[in-house]
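Heads up: the sequence lines are chains S and X, in that order. The first sequence: position 311 = 326 (our numbering), numbered continuously. The second sequence: position 233 = 248 (our numbering), numbered continuously.
Since the hints were made in silico from the structure, they are not lab data. Heads up, some of the hints might be wrong.
Capping the alpha-carbon separation at 25 Å, the derived lysine-lysine pairs in DSS-like fashion look like this [claimed, not checked]:
1. X:Lys149 <-> X:Lys45
2. X:Lys67 <-> S:Lys414
3. X:Lys149 <-> S:Lys411
4. X:Lys42 <-> X:Lys61
5. S:Lys422 <-> X:Lys61
6. S:Lys82 <-> S:Lys125
7. S:Lys39 <-> S:Lys136
8. X:Lys192 <-> X:Lys82
9. X:Lys67 <-> S:Lys411
10. X:Lys45 <-> S:Lys125
11. X:Lys404 <-> S:Lys285
12. X:Lys39 <-> X:Lys82
13. X:Lys136 <-> S:Lys136
14. X:Lys39 <-> S:Lys136
Some residues of chain S that are not near chain X, with every Cβ distance over 10 Å (derived) [to be verified]:
15. Arg55
16. Lys175
17. Pro243
18. Thr454
Ideal Cβ placement from N, Cα and C applies to all residues, glycine included.
Number of protein chains: 2
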Amino acid sequence: EEVTKCLELKTPLSDHGLQKYTLKTPKGTKDYGPHQMAIREQVFDKIIRCFKRHGAETIDTPVFELKENLTGKYGEDSKLIYDLADQGGEVLSLRYDLTVPFARYLAMNKITSFKRYQIAKVYRRDNPATSRGKYREFYQCDFDIAGQHDLMLPDVECVKIAVEILSDLNLGDFVVKVNHRKILDKIFEVCGVSSDNFRSVCSSVDKLGQCSWEEVKAEMIEEKGLSPKVAERIGIYIQRNGGLDLIEELLNNEDLAGNGTGREGLEAMKLFFKYCEIYGISDKIYFDLSLARGLDYYTGVIYEAALTKLSHRTHFANGELHAVGSVAGGGRYDNLVGMFDSKQRNVPCVGISIGIERIFSIIEARAQVEHEKLRTTETEVFVASAQKKMTEERMKICKELWDAGIKTEQSYKVNPKLLDQLHYCEERFIPLAIIIGETELQKGVVKLRYVMSREEIEIERNKLVQEIGAHIRTFSSIKQT
Amino acid sequence: EEVTKCLELKTPLSDHGLQKYTLKTPKGTKDYGPHQMAIREQVFDKIIRCFKRHGAETIDTPVFELKENLTGKYGEDSKLIYDLADQGGEVLSLRYDLTVPFARYLAMNKITSFKRYQIAKVYRRDNPATSRGKYREFYQCDFDIAGQHDLMLPDVECVKIAVEILSDLNLGDFVVKVNHRKILDKIFEVCGVSSDNFRSVCSSVDKLGQCSWEEVKAEMIEEKGLSPKVAERIGIYIQRNGGLDLIEELLNNEDLAGNGTGREGLEAMKLFFKYCEIYGISDKIYFDLSLARGLDYYTGVIYEAALTKLSHRTHFANGELHAVGSVAGGGRYDNLVGMFDSKQRNVPCVGISIGIERIFSIIEARAQVEHEKLRTTETEVFVASAQKKMTEERMKICKELWDAGIKTEQSYKVNPKLLDQLHYCEERFIPLAIIIGETELQKGVVKLRYVMSREEIEIERNKLVQEIGAHIRTFSSIKQT
Numbered sequence: 016e017e018v019t020k021c022l023e024l025k026t027p028l029s030d031h032g033l034q035k036y037t038l039k040t041p042k043g044t045k046d047y048g049p050h051q052m053a054i055r056e057q058v059f060d061k062i063i064r065c066f067k068r069h070g071a072e073t074i075d076t077p078v079f080e081l082k083e084n085l086t087g088k089y090g091e092d093s094k095l096i097y098d099l100a101d102q103g104g105e106v107l108s109l110r111y112d113l114t115v116p117f118a119r120y121l122a123m124n125k126i127t128s129f130k131r132y133q134i135a136k137v138y139r140r141d142n143p144a145t146s147r148g149k150y151r152e153f154y155q156c157d158f159d160i161a162g163q164h165d166l167m168l169p170d171v172e173c174v175k176i177a178v179e180i181l182s183d184l185n186l187g188d189f190v191v192k193v194n195h196r197k198i199l200d201k202i203f204e205v206c207g208v209s210s211d212n213f214r215s216v217c218s219s220v221d222k223l224g225q226c227s228w229e230e231v232k233a234e235m236i237e238e239k240g241l242s243p244k245v246a247e248r249i250g251i252y253i254q255r256n257g258g259l260d261l262i263e264e265l266l267n268n269e270d271l272a273g274n275g276t277g278r279e280g281l282e283a284m285k286l287f288f289k290y291c292e293i294y295g296i297s298d299k300i301y302f303d304l305s306l307a308r309g310l311d312y313y314t315g316v317i318y319e320a321a322l323t324k325l326s327h328r329t330h331f332a333n334g335e336l337h338a339v340g341s342v343a344g345g346g347r348y349d350n351l352v353g354m355f356d357s358k359q360r361n362v363p364c365v366g367i368s369i370g371i372e373r374i375f376s377i378i379e380a381r382a383q384v385e386h387e388k389l390r391t392t393e394t395e396v397f398v399a400s401a402q403k404k405m406t407e408e409r410m411k412i413c414k415e416l417w418d419a420g421i422k423t424e425q426s427y428k429v430n431p432k433l434l435d436q437l438h439y440c441e442e443r444f445i446p447l448a449i450i451i452g453e454t455e456l457q458k459g460v461v462k463l464r465y466v467m468s469r470e471e472i473e474i475e476r477n478k479l480v481q482e483i484g485a486h487i488r489t490f491s492s493i494k495q496t
Numbered sequence: 016e017e018v019t020k021c022l023e024l025k026t027p028l029s030d031h032g033l034q035k036y037t038l039k040t041p042k043g044t045k046d047y048g049p050h051q052m053a054i055r056e057q058v059f060d061k062i063i064r065c066f067k068r069h070g071a072e073t074i075d076t077p078v079f080e081l082k083e084n085l086t087g088k089y090g091e092d093s094k095l096i097y098d099l100a101d102q103g104g105e106v107l108s109l110r111y112d113l114t115v116p117f118a119r120y121l122a123m124n125k126i127t128s129f130k131r132y133q134i135a136k137v138y139r140r141d142n143p144a145t146s147r148g149k150y151r152e153f154y155q156c157d158f159d160i161a162g163q164h165d166l167m168l169p170d171v172e173c174v175k176i177a178v179e180i181l182s183d184l185n186l187g188d189f190v191v192k193v194n195h196r197k198i199l200d201k202i203f204e205v206c207g208v209s210s211d212n213f214r215s216v217c218s219s220v221d222k223l224g225q226c227s228w229e230e231v232k233a234e235m236i237e238e239k240g241l242s243p244k245v246a247e248r249i250g251i252y253i254q255r256n257g258g259l260d261l262i263e264e265l266l267n268n269e270d271l272a273g274n275g276t277g278r279e280g281l282e283a284m285k286l287f288f289k290y291c292e293i294y295g296i297s298d299k300i301y302f303d304l305s306l307a308r309g310l311d312y313y314t315g316v317i318y319e320a321a322l323t324k325l326s327h328r329t330h331f332a333n334g335e336l337h338a339v340g341s342v343a344g345g346g347r348y349d350n351l352v353g354m355f356d357s358k359q360r361n362v363p364c365v366g367i368s369i370g371i372e373r374i375f376s377i378i379e380a381r382a383q384v385e386h387e388k389l390r391t392t393e394t395e396v397f398v399a400s401a402q403k404k405m406t407e408e409r410m411k412i413c414k415e416l417w418d419a420g421i422k423t424e425q426s427y428k429v430n431p432k433l434l435d436q437l438h439y440c441e442e443r444f445i446p447l448a449i450i451i452g453e454t455e456l457q458k459g460v461v462k463l464r465y466v467m468s469r470e471e472i473e474i475e476r477n478k479l480v481q482e483i484g485a486h487i488r489t490f491s492s493i494k495q496t
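Chain S extracted, bound-state conformation (with noise of 0.2 Å):
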């Protein structure tokens, strides 16, 4: 009552005193409940199980950055960036990665060899397909490697935590789609595109996929203005793809190989090839040569995974895998951070970013198909009272659960019924139930009743906690093995 005379006063738009609400979340976004909170932790747990075993230590930036450290960095997608409004200060806008906060994160702190995760929300403006888990603000899942290093090593690191955490959420078959930039542009070059044309071509390659090749010739033609014959050029080299045989056969064609960077790309990529071999990953892994990507700022290795098919147990309803498209991606990014330092200093860097989102939609699907029993909460044990009155007594038990770490709910009525109380320990999964009884109380002992299969038994009242504990360990051993 007060809050409303009170929204009357702060609001005198509204002055029916009850205003009408839009309930919803913003266009591109959702909530999460407590279903789908379960299993976002399960995935982010192993996704962070992986990152830490190859030695990673994590950060976090804020939302919103300086605009302009954004401006400059994502080439055709930077009119995809949220902007804040101007309330007197700073020009700021919502982070679009979480790749360039962590450039600038390096160079504002002169670090020089760093190896980081970070998982965390990013927000882009672009037109959200929510049913197959493309949002405007959603997760990424980052590990990067910064620092002056030998050829390749980080990068296949990369690669091979990629494959170890698709591997591990049991998804379904995948490949690791694997391009080099110097590669493509020494093609863009072959075929007769001037240099200040590379990345805006790029991005046209880059949608092939989605697109077809006749569409994503028109593009190259009508919009970043090649020639035909230019086009058709490129086209013969992108639409190549197989594995060591074709780097082979292209380290022999004189026009891409003959000198620096088309060589470079190719003995970059030979080597890629023989690390993958000893990670023993070589069979997820292929060479692609339409791979582009979409960001401005790769220099080197380019790489996506994408699912090739479902595990059994996954059924989208209209039967599309290509919907869910590509899962994880990333690549070398050696000049990002000289952008940010003063003197141009670079430290070169190397990344994968898992697609959670996508994953989500696919596990969510999975566990609907299977009606998979998810708990949500981890309660333990439920104290129950039989009759009246018996509130302090359940508010004692309760406090020394508690205060023994113990995971304890109860009624928050003064006089509940014991069905609802036993019914809401069925529906949530709770193992133990205590129930107090005058009769019990005055013999020094209170009921346990194990909720699945509905035994009871009397302990005492002044060992209570002590047999607690012992029964959640017997449950919990029993759960792991």
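Starting from the structure of chain S, add chain X where the hints point.
Chain X only, in chain S's frame:
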């Protein structure tokens, strides 16, 4: 080089080819480095464990909301809300707290009973005072109980949770100040404040503590339009504090406790103190009539935890405890969900919010004083080589260890120096190092080095994974005891 070219292309404004960047995070925000993240994870872990111990589920909501959903909820603080720029589409603001999005979530999903926690960042365009943990972007750790429950049962549990968390964090002595909005409003009424001025006077009272009574009185008279006499009368009440005795005294005050709401509030406080006694927390609780809480939406009991003495291990440079201020707060808000419902159906709620940034600043200060050695990675084994040309063998061993779930690192140099590798281990507190060398490999063994003691033993190359696994289990069982 390509990227720089490209930057020139994309940002014609910075046509010197080198943009001058302001290398900073936005005003009132900060990065968390690995050391701070390690502390943060420990603190969050304790808080989440407590929330789960009380049976809470968790949700997540978007970082921004439709602006209309935040309007009219925060009283005078509404001016601190961050708005997003109008880039076409919806009018959006960054969330100011987690409570209003929670109420929107309940109304939108027609949920009438829910116990949830949420840990996420909120945004306020306030004057930052980062040295004492006051930021424009900061975490809130909220626990709320929604539903039609019996008097004070959920309310006291929220305070119990605050006490458990603050005790567990071992920050030093603290008290929880408690008051009730119905008592405050009755005091205002009795002193002669008109009811449409209650919330505005309330936010003046809220400044007591930071400001002296004389300053607050001046604001009441000059800005809120109270007569000096009315302000004086309020002053007599709100400077009172105590325990159950004060409640009893006020219950005998005909003016306050004669009719409806004043008596209701006082009786509720009496029950609150009784339940605190049962939960064993009454020594922390005191009734403080000056506690007002800034936000408009509270309707019942309100509380705030403040440190009174830091633990002996903590010393601020300036010795100021006062600077830290309140570390947790909350209360009952029974009408907020109804504001979002087209039929004004209410879901009564009560909650507690842990002010985590202030807690971080205390724990960081303590860690600094104690020169605490906090690991920022969890790496268990480092794979080193004593000679050149061992890259492939190192990679093979890393692969085996990673695939067995063992946290492993190696140098990203093809020919790293042994001393550099061992130095890295000691610096990072990595407990084990494997050292490979030509001679040993020919004998089918590798060296296992205990980094801290610098002892070395030989183990069989082809039993390496099992041996390391056994050593790690020994280490972690020692750490646990």
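Against the structure, the hints come out as follows:
The hinted pair formed by Lys149 of chain X and Lys45 of chain X meets the criterion: a straight-line CA distance of about 11 Å does not exceed 25 Å. Of the supplied pair hints, the one linking Lys67 of chain X and Lys414 of chain S holds, its CA atoms being roughly 15 Å apart against a limit of 25 Å. The suggested pairing of Lys149 of chain X with Lys411 of chain S is violated, with an alpha-carbon distance near 38 Å, which exceeds 25 Å. At most 25 Å may separate the alpha-carbon atoms for a hinted pair to count; Lys42 of chain X and Lys61 of chain X exceed this at roughly 30 Å.
Proximity of Lys422 of chain S to Lys61 of chain X is assessed by CA-CA distance (about 13 Å); at most 25 Å being required, the pair is judged to hold. Using a Cα cut-off of 25 Å, the hinted pair Lys82 of chain S and Lys125 of chain S holds, with the two alpha carbons roughly 21 Å apart. Only pairs whose Cα atoms come within 25 Å are accepted, and Lys39 of chain S paired with Lys136 of chain S is accepted, the gap being roughly 19 Å. A distance of roughly 33 Å separates the Cα atoms of Lys192 of chain X and Lys82 of chain X; the hinted pair therefore is violated under the 25 Å criterion.
This hinted pair checks out: Lys67 of chain X and Lys411 of chain S have alpha carbons roughly 19 Å apart, not beyond 25 Å. Restraint check for Lys45 of chain X and Lys125 of chain S: satisfied, since their Cα atoms lie roughly 16 Å apart, inside the 25 Å limit. For the hint linking Lys404 of chain X to Lys285 of chain S, the alpha-carbon distance of about 18 Å falls within 25 Å, and the restraint holds. Straight-line distance between C-alpha atoms of Lys39 of chain X and Lys82 of chain X comes to about 28 Å, which puts the hinted pair past the 25 Å bound.
A hinted pair counts as satisfied when its Cα atoms are at most 25 Å apart, and Lys136 of chain X with Lys136 of chain S qualifies at roughly 11 Å. Distance hint between Lys39 of chain X and Lys136 of chain S is fulfilled; the C-alpha atoms sit about 20 Å from each other, no more than 25 Å. The beta carbon of Arg55 of chain S is not kept farther than 10 Å from every beta carbon of chain X, the shortest such distance being approximately 8 Å. The Cβ of Lys175 of chain S sits about 7 Å from the closest Cβ of chain X, inside the 10 Å cut-off, so the non-interface label is violated.
Distance check for Pro243 of chain S against chain X: the nearest CB is about 24 Å away, which clears 10 Å, and the non-interface claim stands. Every CB of chain X lies more than 10 Å from the CB of Thr454 of chain S, the least distance being 22 Å, so the non-interface label holds.
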